[in-house]
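Peer 1: In case you want the letters, here they are:
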Amino acid sequence: MVRKSLLPFIGIALLILLSLLVLIALVVGPAGISIPDIVSSIISGPEYTEDTPVSASQHRILWSLRLPRILTSIVAGVVLASSGMVYQALFRNPMADPYVLGISSGAAFSVSFAAFLGFVGGATGLWQVPLVAFIGAAGTALGILVLSGGVRRSPTTLLLTGVALNFLLSALMTLFMYLNRAQLQSIMQWTLGSFVSSSWSKLGILSIAAVIGILPIVYMTRELDILLLDEASARSVGLSVKSVRLIMLICTTFATSVTVALCGTIGFVGLMVPHIMRLITGPQHIRLLPFSIIGGAMMMLAADTIARSVLGASELPVGVITAIAGAPLFIIMLTHARRKSS
Amino acid sequence: MKTRLQFPLFALVLLAFVVLPISGRGSQEQEISHSSLITVQDSRGNEITLEAYPQRIISLSPNITETLFALGLGDVIIGRTDYCDYPSETASIPSMGDLLSPSIEKIVSMEPDIVIISNLGQLQTIEALEYAGIPVLSLDEEETMDGTYRIIAAIGTITGKTAESQQLIADMKSQIASVSQLTQSERPTVYYVAGFGEWGDFTATGDTFLHDIITLAGGDNIAADAINWSFQLELLHAHDPQIIILPPLWGSTFDETKYQFVNHPSYAPLSAVKNGAVVPIDSNIMERQGPRSAEAVVKLAEIFHTLLGE
Amino acid sequence: MKYATPIAAEVKSLDWSYQSRPIFQKLTTQFPEGLFISIIGPNGSGKTTLLKHLLGLLHAPVGDITIFTENLKNLTQRELAKRVSYVPQQSKIEYDFTVYECVAMGRYAHGNRLAILSPEDHQLIQKSLQSMELSHVSHRIATELSGGEYQRMLIARALAQQSRIIVLDEPVSHLDIHNQKQILRLLRQLVDQKVATVLCVLHDLNAVSAFSDLVIMMRSGIIVAEGTVDQVLTKKRIESVYNITVDIIPVKDSTRPVIIPQWRE
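Chains as they are written, first to last, in the working numbering: chain X, 1 to 342; chain E, 343 to 652; chain Z, 653 to 917.
No lab work stands behind these hints, which were simulated from the structure alone.
Backbone N, C-alpha and C fix where the C-beta goes; we use that ideal spot for every residue, glycine too.
Mixed in with the good hints, there may be bad ones.
[As the list claims (entries may be wrong)] Straight line, CA to CA, 25 Å or less: simulated DSS-like cross-link-like pairs of lysine-lysine: (1) LYS779/Z - LYS734/Z; (2) LYS734/Z - LYS4/X; (3) LYS888/Z - LYS846/Z; (4) LYS242/X - LYS734/Z; (5) LYS744/Z - LYS734/Z; (6) LYS725/Z - LYS242/X; (7) LYS833/Z - LYS744/Z; (8) LYS833/Z - LYS904/Z; (9) LYS242/X - LYS704/Z; (10) LYS448/E - LYS515/E; (11) LYS744/Z - LYS4/X; (12) LYS744/Z - LYS242/X.
[Claimed, not checked] Non-contacting residues of chain X with respect to chain Z, defined by C-beta distances greater than 10 Å in every case (computed): (13) PRO94; (14) GLY143; (15) SER236.
[What the hints assert, rightly or not] Here are some of the chain X residues that sit facing chain E, going by a computed Cβ distance under 8 Å: (16) SER64; (17) LEU67; (18) THR124; (19) VAL129; (20) LEU131; (21) SER197; (22) SER199; (23) GLU315.
Using the sequences provided together with the hints, build the complete structure.
Peer 2: See below:
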């Protein structure tokens with residue numbers, strides 16, 4: 001943990017780093033647009049007129065492809081990181097991530113099921129797949145809540161029900177992917193998560209969901225701190241544990257479900273960012289939240305930029321990058337934690 | 343090692359090097375004199391040998407089925423896959439299952455003389471069939487027109503229809519040659535949509551057979567330098583191809599596919615969309631390395647010619 | 653029992669079952685204000701269950717609990733926290749909160765939205781830390797404290813709630829003699845300084861004898877005795893409730909006897 005007085009400076013440094021990442025992301029891409037061209041295109045605004053000093057397609061690449069994609073990855077990272085932070089508090093478990101309530105397996109399952117049934121095809125509109133995915137994601141979370149007895153029960157019961165349902169849904173998803181093998185690659189691709197199909201309209205919906213998900217957290221940082229106490233202590237200190245859990249669950253689950261629906265299931269960001277940031281800020285959520293938000297934005301933007309620059313003409317799914325970066329980090333975290341406790 | 347043993351050992355090895363090749367040549371001579379044996383080398387480098395031309399063939403790939411019919415062997419085919427749909431006569435042939443996991447039991451029960459499998463065939467299928475004692479001719483050639491010719495030639499050899507196969511290849515070559523005269527002048531920039539939107543952008547990259555067909559038809563495939571089907575959306579916009587080939591994608595008709603594509607905000611601004619140069623094509627004739635491949639080249643060339651003329 | 657002093661909390665006709673086994677049947681008792689009240693009894697006699705009802709952690713289907721004449725059912729969690737605070741036996745938190753931050757959590761019930769601590773909050777936290785002799789460790793990480801310090805921190809947190817009743821469940825059972833004495837004396841001080849009413853489940857009968865104003869003895873969900881130390885801690889009572897032989901040694905000029913169990917019988 002860093003001294004509290006240093007935190008504002010670190011925060012500013014991270015923000016500067018984030019801005020740098022945005023600039024790099026604007027410049028990176030196989031279309032080979034020069035930096036002066038990028039600058040003039042951005043300055044001349046979103047509308048393409050005769051006076052715009054770059055070509056129509058270059059302008060379009062920047063404004064319709066790169067810019068919404070950069071912003072979408074930032075918002076998605078913010079949602080996942082803050083949701084991860086909340087879930088780790090809700091479950092009093094530093095290994096929790098936004099997908100423990102089956103959001104990712106629910107979304108992947110419903111997409112594979114819908115593809116099997118023919119509801120979604122190779123030619124999909126903007127909203128068919130996200131809608132199907134959202135229903136699967138939110139539906140699964142709701143199902144787990146109901147099955148486990150709701151927020152009345154201990155977080156462990158909720159977690160275990162989530163684990164069981166995750167297994168079941170993954171198995172079912174594999175079944176439907178097998179039965180529909182010609183489309184296996186497409187569905188796998190979607191599951192791994194990507195920001196390829198980013199657009200301004202998607203960004204709008206994602207941002208609204210993000211606000212709905214994150215605003216309550218801003219007001220409840222103290223509550224999240226107290227939730228970390230055992231049940232009896234938390235309640236005796238005056239916390240309405242049940243209602244706080246319910247509000248936090250509903251808001252973050254909603255925001256995460258929308259994110260998964262629009263961007264696929266991108267792992268590790270929700271788990272790692274709050275963890276890493278906690279090392280800097282300490283456990284108090286009023287400090288952890290803003291740092292997790294910045295950290296989530298940075299991690300997701302960096303991962304997506306790498307995903308679309310490392311292979312030249314092709315792309316990797318961003319979930320692959322977060323896993324490759326996340327898994328070793330995760331192991332380091334584990335050994336660090338073990339060393340600390342022993 | 344003791345010196346006493348070394349010399350005899352050395353002599354033995356030397357002897358082996360002299361004797362064995364001689365005996366081998368002998369059996370080879372035996373092979374040539376045995377005119378009833380038919381051999382062909384398949385794509386794995388294995389020699390497939392039959393004692394007579396096969397009278398019962400099971401085809402485990404649509405392009406193989408089409409080739410067999412084109413060589414006049416329709417009545418010799420006793421089994422096909424679910425995806426073998428051309429020509430229409432295939433409907434009366436029993437299916438052995440899908441491309442990736444056909445029913446081994448069913449195949450074996452049909453007692454074929456040979457099973458011919460192509461590039462989507464799985465290793466497990468081949469191994470299972472050979473274990474059951476059934477000869478398997480694996481024709482997984484490179485994804486070019488030359489590879490296609492090799493497939494046709496190999497089938498001609500194993501079935502004794504060498505003359506027919508040579509004729510077919512010659513016809514295909516002349517069809518393609520006639521096309522190239524047409525397209526000398528201008529090569530339109532082309533993009534083939536193998537996948538778009540939520541599922542990611544996939545196209546006929548330079549390592550695919552589709553790329554070969556596009557190029558032979560006179561098109562300039564913007565994804566020629568990319569590999570493994572994956573292509574960045576940005577590059578599609580940067581190249582802004584004149585023509586977009588859009589086969590109907592899985593689960594959708596052409597009209598549905600075209601509607602979704604042209605109305606999708608990521609693709610709507612493309613010039614080809616605005617100019618109405620988004621064209622359908624039967625993906626089967628494009629993707630199958632078989633007798634209709636030349637037809638695909640011709641059809642595509644005609645499309646290019648028409649669109650450029652406008 | 654009827655008391656002359658005002659009543660801090662009252663339990664009326666409480667029925668409570670757990671897994672269809674009846675535990676309380678028409679349990680009734682009163683806890684007068686301003687006293688050090690010990691609740692004793694063998695394991696499983698319902699002491700902790702009674703505490704949980706008083707804290708609003710369990711809700712009995714039949715019966716009422718009043719806290720300073722208000723019915724518990726009519727109080728929100730926050731309002732209840734301002735009246736009753738809880739010191740659990742053990743409450744390890746796995747995160748690196750400082751002692752100050754842990755005690756600050758006690759101010760939650762008094763806070764507003766966004767819960768930024770006011771100068772008054774800070775004053776109260778510091779006072780609580782002081783009274784529990786923890787000022788010198790307030791910026792240490794809570795998990796680094798010794799057992800005794802940690803327990804004092806939990807009491808400091810309860811103090812920060814400014815509740816007039818502090819409920820403690822075996823606060824010293826796991827501590828050494830020095831820490832036991834220190835904490836019990838601090839609790840006694842709270843009562844003497846009229847800071848709070850202390851309701852304490854204790855196992856050490858001699859500690860009960862030394863510190864309590866009122867003893868409530870329970871067995872199998874029933875209150876078998878209520879009264880002063882010398883009224884409740886009699887040889888007959890202890891032997892029948894605990895099923896163990898003891899010797900009661902009266903102490904000169906004191907109503908607080910010493911209880912010696914016969915270990916070697």
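Peer 1: Does each hint hold? Answer for all of them.
Peer 2: Comparing the hints with the structure gives:
no. : hint                : result
1   : LYS779/Z - LYS734/Z : holds (17 Å)
2   : LYS734/Z - LYS4/X   : violated (30 Å)
3   : LYS888/Z - LYS846/Z : violated (34 Å)
4   : LYS242/X - LYS734/Z : holds (19 Å)
5   : LYS744/Z - LYS734/Z : holds (23 Å)
6   : LYS725/Z - LYS242/X : holds (16 Å)
7   : LYS833/Z - LYS744/Z : holds (22 Å)
8   : LYS833/Z - LYS904/Z : holds (21 Å)
9   : LYS242/X - LYS704/Z : holds (17 Å)
10  : LYS448/E - LYS515/E : violated (38 Å)
11  : LYS744/Z - LYS4/X   : holds (24 Å)
12  : LYS744/Z - LYS242/X : holds (21 Å)
13  : PRO94               : violated (8 Å)
14  : GLY143              : holds (27 Å)
15  : SER236              : violated (3 Å)
16  : SER64               : holds (7 Å)
17  : LEU67               : violated (12 Å)
18  : THR124              : holds (5 Å)
19  : VAL129              : holds (4 Å)
20  : LEU131              : violated (11 Å)
21  : SER197              : holds (5 Å)
22  : SER199              : holds (5 Å)
23  : GLU315              : holds (5 Å)
Of the numbered hints stated above, those contradicted by the structure are hints 2, 3, 10, 13, 15, 17, 20, listed in ascending order.
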